[in-house]
Amino acid sequence: MQGMSPIVKKVAQLVMGFIFVYGIYIITHGHLTPGGGFAGGAFLSGTFILLVLSFGSNVLNLRREEEEASEIEGLAIFTFLLLAVIGFLLGMRVFFGNFLPKGRIGELISAGVIPLYNIAVGVEVGAALLTIFLALVIYKEEISK
Amino acid sequence: MDQAIPVFVIIPLAASFLISIVGGRIGGFGKTISVLVFLSTLIIILTYLISGDHASMVYKIGGWEPVGNIPIGIYLLLDPFSGFMLIIINGMAFLSTVYSVNYITKYTGEKYFYTLFCIMVAGLNGVVLSGDLFNLYVFLEITVIASYALVAFGTEKEELEASFKYQVLGGMATALILFSVGMIYWYTKTLNIADITKILASSNDRMLIQFSELILIAGFGLKAAIMPFHGWLPDAHSSAPSPISAMLSGVVIKAAGLYVIFRLFFNMFAITWEISVLITAIGTLSMVVGVFLAIGQWDLKRLLAYHSISQMGYVIIGVGMGMMIIANGGNIALASLAITGGLFHLINHAVFKGLLFLNAGAIEYRLGTRDLNQMGGLFEKMPLTSGTSLAASMAISGIPPFNGFFSKLVIIIAAIQAKFYLLAALAVIVSIITLASFMKFQRYAFFNGTSQNYAKDGVREVPFFMSFSMLVMALLCLALSLLMIPAIRESFLQPAVDALLGNNEYFINLLNL
Amino acid sequence: MIVFILCFILFLVGLFGLLTSRNIIKIIIGLSFMEFSVYLFLVLIGYIEGGQAPIVVKGIDIQMIVDPLPQAMVLTAIVIGLATKAMLLSTAIRIYKKFRSFDIRKIRSLKG
Chain L
-2 MQGMSPIVKK VAQLVMGFIF VYGIYIITHG HLTPGGGFAG GAFLSGTFIL
48 LVLSFGSNVL NLRREEEEAS EIEGLAIFTF LLLAVIGFLL GMRVFFGNFL
98 PKGRIGELIS AGVIPLYNIA VGVEVGAALL TIFLALVIYK EEISK
Chain Z
252 MDQAIPVFVI IPLAASFLIS IVGGRIGGFG KTISVLVFLS TLIIILTYLI
302 SGDHASMVYK IGGWEPVGNI PIGIYLLLDP FSGFMLIIIN GMAFLSTVYS
352 VNYITKYTGE KYFYTLFCIM VAGLNGVVLS GDLFNLYVFL EITVIASYAL
402 VAFGTEKEEL EASFKYQVLG GMATALILFS VGMIYWYTKT LNIADITKIL
452 ASSNDRMLIQ FSELILIAGF GLKAAIMPFH GWLPDAHSSA PSPISAMLSG
502 VVIKAAGLYV IFRLFFNMFA ITWEISVLIT AIGTLSMVVG VFLAIGQWDL
552 KRLLAYHSIS QMGYVIIGVG MGMMIIANGG NIALASLAIT GGLFHLINHA
602 VFKGLLFLNA GAIEYRLGTR DLNQMGGLFE KMPLTSGTSL AASMAISGIP
652 PFNGFFSKLV IIIAAIQAKF YLLAALAVIV SIITLASFMK FQRYAFFNGT
702 SQNYAKDGVR EVPFFMSFSM LVMALLCLAL SLLMIPAIRE SFLQPAVDAL
752 LGNNEYFINL LNL
Chain R
1358 MIVFILCFIL FLVGLFGLLT SRNIIKIIIG LSFMEFSVYL FLVLIGYIEG
1408 GQAPIVVKGI DIQMIVDPLP QAMVLTAIVI GLATKAMLLS TAIRIYKKFR
1458 SFDIRKIRSL KG
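Residue numbers (the working numbering), protein chains in the order written: chain L, -2 to 142; chain Z, 252 to 764; chain R, 1358 to 1469.
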C-alpha cells in the first residue's frame, strides 16, 4: 500500500497526537461521562490506523507490529481477568467484586476498580482493532504480490 | 461449592489468554496447560455430582443482590441439568485436547489452536451456567466465533468455504436470537430467566410470546442444525480438524442449540401443545431425512456429519414426546421416561460420535484421505482404530451391549407406552438404516480389499495420545450402558430430568436465594 | 409504531440482499443490514417519550430517563458484531486468495 500526498501526511502528523490524548481522556473518564473503554480504545487504534493509511504500509514492519499488538491485547485482557479474580480472592468472594474504596460520585478517582477495568478494556480494544486492521492489510499485500 | 461456579468460565478463559501470551515462547505450553485445565474442570464437576448433593446453586456476579425481589445483575446457576451438560463439555474437551497433542502437529500455529479451543470451552461452560438471557447470548457468540475460526483452521479451499457458510448462517441465527431476546425484554422488562418465568406465568397475551418462541426455535435450531436449518453442518463438521469435529458434533450443537431450547421451553415458557408438536415434528424430520442423506455419502466425515443430524433427531423426539405428554396433562412418570431417554441419548451421542470423528481423524492422519473408496484392509494395519470404531459403530446403530442400544430402547418404549406408534416405528427403521450405513463404513474402511496397498507408505497405528483418547472413549461407550441400572440412573441422570420437569423449582431457586 | 415497521423492513432488505446476491462481500453487507435492524429495534424498545439520558449529574434533577439496559445490550451486541464482521471479512479475503473470485458460483469445492 502506497503512502498518500505530503499534505495528508503533514495533517495526519499534526492531528494524531490530539486524537491519541482524546482517546486517553475518554478511557479515563469512562465512569463519569458517556464513553469508556471501548470508545476510547477505538480512538487509540484510530491513530495507528491513520498512521498506516497516510504513510503507507512500508513505514512499519507490519508482521512484527501485528504480533506485538496481539500480545499487548492478550496482556490487557489477562489484566482485566486478573482484576476480576482479585475481587474473587479478596473481600467477599465475589467475581468482579469491587474491592477498592468507592470515593465520591463525580470525582476522577472514584468508583473503585471500574476505572481500572476501563483502562484494561481500552488497551485491549485498541490493540484488538489494530490487530484486525493490520491482519487485513497483510492479507491484501499477500494477494497483490 | 457455590463459590466454584464461575471457576468453569474463569479457568479456561485465563488459560486461553495465557497461551496467547506465552504459548509462542515456551514450546509445549499450550497443550500442557489446556489438558490440565480441562482435567481440573472435569474433576470439579465430578466432585459436585458424586457428592450426591443435587441442590441448585446460584452465584451472583459482582455480588448484586436482588432489590425488592427484582433480580439485578447477572446470575449463574448450577443445577443437575447444567451439571450433566458440564460433564459432557469438559469430558469431551479433555479427551479432544489429549488427542490433539499428536494430531495438531500436522498444522502450523499450534498456539492459536489451543487459544481458540479454550475460548470455545469457556463459552460453552458459560452457556450452560447462565441464568440470564442476554448473558447466554453473549456466551453463545463467544463459542461460535471461536468455532468459526477453528473450522477454518486449515485455511484451504474447503475449510474456508465451509467456514464462510457456517458464519453466514450463524450470523442469521444471531440476528434472530437477539431479536427474540429483544421481544421478550420488551414484553417483560427483565432479562433474568427466573423473573421472566414469573411474569409470563401471570400474563394473558399469548401472541407476542408465541412469536418470540417461534423465532427462538428458528435461531437456536440454526445453531443446533435441526432439519430445515441443517445446511451448514455437513460442510463445517467435515472440514474442521478432527478433534474440533468431535467437539462440534459431540458438544457444540448440543450445548449451544438443544440445551438452550430445552432449558427455555421447560423452565421459562409454559409448555404448550402447539410448540411441543412443532419440536417433535422437526425432530422426526431430522431423524428420518438425516439418515437418508447420510447413506449415499462416500466422504467419511460427511457421512458422520449427516448421522449427527439424524441422531440429534432421536434426542429431540425423546424430549419432545415428554413435552407433548405434559402439555396433554398426561402421566408425569411417562414424560419423565421419555425425557430420560432423550438425555441419555444426548450423552451417548456425544461419546460415540466424538469417537467416530476421532477415528476418522486417525485414518486421515495416516492415509491423508477421507474417501471411503480409497481405503480398505486397514484392520490389519490399524487394529486399535479398527476396534474402537467397531465399538462406536455398534453403539450408534444400537447393538445390545453398547450404550446406544439402551437409550434408543428407552425412547422406543416411551413412544409405545404413550401410544405414539408412528414415532416408535420410525425410530426402529432409522436405526436399521443407520446400521446399514455403518456396515458400509466398516466394510470399505477396514475389511474390504487388501492391506498391500499401504506396504510402503508407513501406514501404521496412530501415536500414543491419539490411541489413548480413542481407547478411553470406546470404554465409555460400554460403561455408559451402566446408566440403565436404576441405582446409577437415580444418582446421575434422574436429577437432570427432574431439574427440567420441576419448572417452578428453577425459578424459586434463582429468585429466593 | 411506524418506526418498528421501518425497522422490520430494514431486516427484510438485509435478508433479501443476503439471499439474492452472488458476491460474498454483498452477502456480508446484507448480513450487516439484518444485524443493524435488530440493534435499532433494541434501542427503540428502550426509548421513552420525553426521556433523558440516564446519567447522574450533580445539580440536575431528572424526572424521567430512557431505559439504559437496552443501550448496554446494543453496545455489547455491536462489539460482538464487530468480531463477527472481522472474522467474515478475513475469511472473504482468504477465499479471494484461494479462488481468485468473490462469486459464490465459482466457490464450490464442497458438494453433497
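Keep in mind that a hint or two might mislead.
[To be verified] In silico DSBU-like cross-links for lysine-lysine, where the CA-CA straight-line distance does not exceed 30 Å:
| hint | chain 1 | residue 1 | chain 2 | residue 2 |
| --- | --- | --- | --- | --- |
| 1 | R | Lys1463 | L | Lys142 |
| 2 | Z | Lys632 | R | Lys1383 |
| 3 | R | Lys1383 | Z | Lys357 |
| 4 | R | Lys1455 | L | Lys7 |
| 5 | Z | Lys632 | L | Lys137 |
| 6 | R | Lys1463 | R | Lys1442 |
| 7 | R | Lys1455 | Z | Lys408 |
| 8 | L | Lys137 | R | Lys1454 |
| 9 | L | Lys142 | Z | Lys408 |
| 10 | Z | Lys311 | R | Lys1454 |
| 11 | R | Lys1383 | R | Lys1455 |
| 12 | Z | Lys357 | R | Lys1442 |
| 13 | R | Lys1383 | R | Lys1442 |
| 14 | Z | Lys357 | R | Lys1455 |
| 15 | R | Lys1442 | L | Lys137 |
| 16 | L | Lys142 | Z | Lys632 |
| 17 | Z | Lys670 | Z | Lys632 |
| 18 | R | Lys1454 | L | Lys142 |
| 19 | R | Lys1455 | L | Lys137 |
| 20 | L | Lys137 | L | Lys6 |
| 21 | R | Lys1455 | L | Lys142 |
| 22 | Z | Lys357 | R | Lys1463 |
| 23 | Z | Lys408 | R | Lys1442 |
| 24 | R | Lys1463 | Z | Lys440 |
| 25 | L | Lys6 | L | Lys99 |
| 26 | Z | Lys357 | R | Lys1454 |
| 27 | Z | Lys408 | Z | Lys670 |
| 28 | Z | Lys408 | Z | Lys357 |
| 29 | L | Lys142 | Z | Lys691 |
| 30 | Z | Lys408 | L | Lys137 |
It should be emphasised that the hints constitute simulated quantities derived from the structure, not laboratory data.
Structure-based check of all given hints:
1. Lys1463/R x Lys142/L: holds, 22 Å
2. Lys632/Z x Lys1383/R: violated, 49 Å
3. Lys1383/R x Lys357/Z: Since the Cα atoms of Lys1383/R and Lys357/Z sit roughly 35 Å apart, the hinted pair is violated (cutoff 30 Å).
4. Lys1455/R x Lys7/L: The given pair, whose Cα atoms are some 38 Å apart, is violated under the 30 Å limit.
5. Lys632/Z x Lys137/L: violated, 45 Å
6. Lys1463/R x Lys1442/R: holds, 22 Å
7. Lys1455/R x Lys408/Z: Cα-Cα ~6 Å, so holds.
8. Lys137/L x Lys1454/R: holds, 9 Å
9. Lys142/L x Lys408/Z: holds, 19 Å
10. Lys311/Z x Lys1454/R: Judged against 30 Å, a Cα distance of about 48 Å means the pair is violated.
11. Lys1383/R x Lys1455/R: Status holds; Cα separation ~19 Å.
12. Lys357/Z x Lys1442/R: With Cα atoms ~29 Å apart, Lys357/Z and Lys1442/R stay inside 30 Å; holds.
13. Lys1383/R x Lys1442/R: At roughly 13 Å apart (the allowed maximum being 30 Å), Lys1442/R and Lys1383/R satisfy the hint.
14. Lys357/Z x Lys1455/R: The hint holds at about 20 Å.
15. Lys1442/R x Lys137/L: Distance ~17 Å between Lys1442/R and Lys137/L Cα, so the pair holds.
16. Lys142/L x Lys632/Z: Given pair Lys142/L, Lys632/Z is violated - Cα atoms ~45 Å apart, limit 30 Å.
17. Lys670/Z x Lys632/Z: Status violated; Cα separation ~49 Å.
18. Lys1454/R x Lys142/L: The given pair, whose Cα atoms are some 11 Å apart, holds under the 30 Å limit.
19. Lys1455/R x Lys137/L: At roughly 13 Å apart (the allowed maximum being 30 Å), Lys137/L and Lys1455/R satisfy the hint.
20. Lys137/L x Lys6/L: holds, 22 Å
21. Lys1455/R x Lys142/L: Holds, at about 14 Å.
22. Lys357/Z x Lys1463/R: Satisfied, since the Cα-Cα distance of roughly 28 Å is no more than 30 Å.
23. Lys408/Z x Lys1442/R: holds, 20 Å
24. Lys1463/R x Lys440/Z: violated, 47 Å
25. Lys6/L x Lys99/L: It is violated: about 45 Å lies between the C-alpha atoms, which goes past 30 Å.
26. Lys357/Z x Lys1454/R: Holds. Lys357/Z to Lys1454/R sits at ~22 Å (cutoff 30 Å).
27. Lys408/Z x Lys670/Z: Violated: Lys408/Z and Lys670/Z sit about 49 Å apart, past 30 Å.
28. Lys408/Z x Lys357/Z: The hint holds at about 17 Å.
29. Lys142/L x Lys691/Z: The hint is violated at about 47 Å.
30. Lys408/Z x Lys137/L: holds, 18 Å
In summary, the structure is inconsistent with hints 2, 3, 4, 5, 10, 16, 17, 24, 25, 27 and 29 from the numbered list given earlier, while agreeing with the others.
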